[in-house]
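There are 2 protein chains.
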Amino acid sequence: MRIDCLQYANWSERIFRQMREGNVDAVHVTIAYHENFRETVLNFEQWNRWFEQYPDLLQKALTAQDIDSARAAGRTAIFFGFQNPSPIEHDIDLIEIVHTLGARFMQLTYNNQSLLATGCYEAEDAGITRMGKQVIKEMNRVGLVVDMSHSADRSTIEACEISERPIAVTHANPHTWSPALRNKKDKVLDALFQHGGMLGFSLYPHHLKDKSQCSLQSFCEMIARTADKYGVQHLGIGSDLCQDQPDSVVEWMRVGRWTKEIDYGEGSASESGFPPMPEWFRDNRDFGNIQAGLLAIGMSESEVAAVMGGNWYRFFDENFVPDKSLF
Amino acid sequence: MRIDCLQYANWSERIFRQMREGNVDAVHVTIAYHENFRETVLNFEQWNRWFEQYPDLLQKALTAQDIDSARAAGRTAIFFGFQNPSPIEHDIDLIEIVHTLGARFMQLTYNNQSLLATGCYEAEDAGITRMGKQVIKEMNRVGLVVDMSHSADRSTIEACEISERPIAVTHANPHTWSPALRNKKDKVLDALFQHGGMLGFSLYPHHLKDKSQCSLQSFCEMIARTADKYGVQHLGIGSDLCQDQPDSVVEWMRVGRWTKEIDYGEGSASESGFPPMPEWFRDNRDFGNIQAGLLAIGMSESEVAAVMGGNWYRFFDENFVPDKSLF
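Chains as they are written, first to last, in this note's numbering: chain A, 1 to 327; chain B, 1 to 327.
Calculated from the structure, these hints are not laboratory results.
Pairs of lysine-lysine, DSS-like flavour, derived with a Cα cap of 27 Å:
#1 Lys-133(B) - Lys-324(B)
#2 Lys-209(B) - Lys-185(B)
#3 Lys-260(B) - Lys-133(A)
#4 Lys-260(B) - Lys-137(A)
#5 Lys-133(B) - Lys-187(B)
#6 Lys-209(A) - Lys-185(A)
#7 Lys-211(A) - Lys-229(A)
#8 Lys-187(B) - Lys-209(B)
#9 Lys-185(A) - Lys-137(A)
#10 Lys-60(A) - Lys-324(A)
#11 Lys-324(A) - Lys-133(A)
#12 Lys-185(A) - Lys-211(A)
#13 Lys-229(A) - Lys-185(A)
#14 Lys-185(B) - Lys-211(B)
#15 Lys-133(A) - Lys-133(B)
#16 Lys-260(A) - Lys-133(B)
#17 Lys-137(B) - Lys-260(A)
#18 Lys-260(B) - Lys-324(A)
#19 Lys-260(A) - Lys-324(B)
Could you put the whole structure together from the sequences, leaning on the hints where they help?
Here it is, written out as structure tokens:
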């Protein structure tokens, strides 16, 4: 089973067909960076059109069991998530609404301070806010997973502790391997895994050692070392594939509507666009390279199967449904 | 001249007539606590109806000069403000839009962490955020005054320092007089006044020494002591009058949509509603009591005139117009 727990592509029939060619059973797709509720609904609407147009390729997915039915039908199961809490605006009751519409992950922050927590680009991190504590409780209740991929250290650790259900870092790598601001320090991974959380390894070049020149072997060895240290059951893939996006989109991701100035995020004035992907992971057809790479460095068949999709399947199965004890 | 720099009444013709009876020349009225942009526009619409219905009592006001024309016509000039940045949602370009619509004050926070700064009820205060710095710059540019009445200490001090135009605390009292969480400590007042900011003294009982039993003399002596310490030019009235509001409204103010639990704010489970006003300040007809009280404790006619409205007039005149150097 192959599950990719983060993509934000410029979607097209070509990409949907590449998912099938790559035997990708399920993808968590981002449908909001800075969108408000109404704009996010437009993005749900767009996906409903695609599900209608490409019934042989795609299937809307709400539970882990939907992956099984998608596999049986030869389709890719599409799950939805937000990289920012902007879709719930200032309204805690929108959490159940977006879950009903299909959202299954929501980041508490995207780089900046949010109403809920602190993002990884702020100078100061005061942890989970008053509203943040209320929102985590409500997300736990309805089955919307807390994602701290773009959050600052203290906020991430506190989210692990406050959340009564496991949280996720859907797309990041260990900071010890590549000290990017977005990668996670040991103390953060400790808290994440101690509370049953999942880490999705990112293929976004700014998160890779040697960036676009990162070798497949280095990437796979990093995964194996993380498995040795914490146990393979917490690990999956969250490629952060932004295929076919124009550079205007990475500017939108970084700048949104919060500033009138340019913010280069992980890039710079001279390298402001999307970085080129490593040659061994260009698109959805290349998941086989990672699978082969993990086997080549000595991970077992069962360990590799867990990383390539088995662990996310279990996590989805446990965390996308409402907590019946809380209803 | 009498200017009240904060009211949130359950507006009615009766209250508009009381403003005239009390010779109130201008009032800054709150039109958003937790409203989003569209909801705030509805509140602007409601006021347009009242301006149409009561042209003999009210006048929409955008500049200090509108107070002069309102006085000449025997009307009360109405200025608008927000106690929360929720009306600008996640969109910095909404700042110019709300200024065009008539907003002249915007609090960066209301008790909780916002996208911009920290509220006074949070356990931790990390100061002005990345977006907050951008928003202050834009507010300075268009002439929307930063109001930190409900903000935490560090955030308030940083706002004083970052803002290139003076800021306001429209409704609060010195913490040394009454140590309420909402009242301002000396270090905050130091920063506020050093940067040319204004303080509006609040009549809301939770901000008063002895609350509803506060004496007029104690209130006036507090004003006189503050004038002695910092200079009378920084001081005005921001009564925080919430006349005729049902207790459901104080619950809305405290709880908004950020929590599914009850938050009692400055109240408590046993005293959850609006506290009774002091007998010497029940409504807009009682500003004369304050004026007389200030004279009775020995402030001069000119000092009292400054506190009752002259200082706010000057502040409005300097800060409600765009900074031409920034356009």
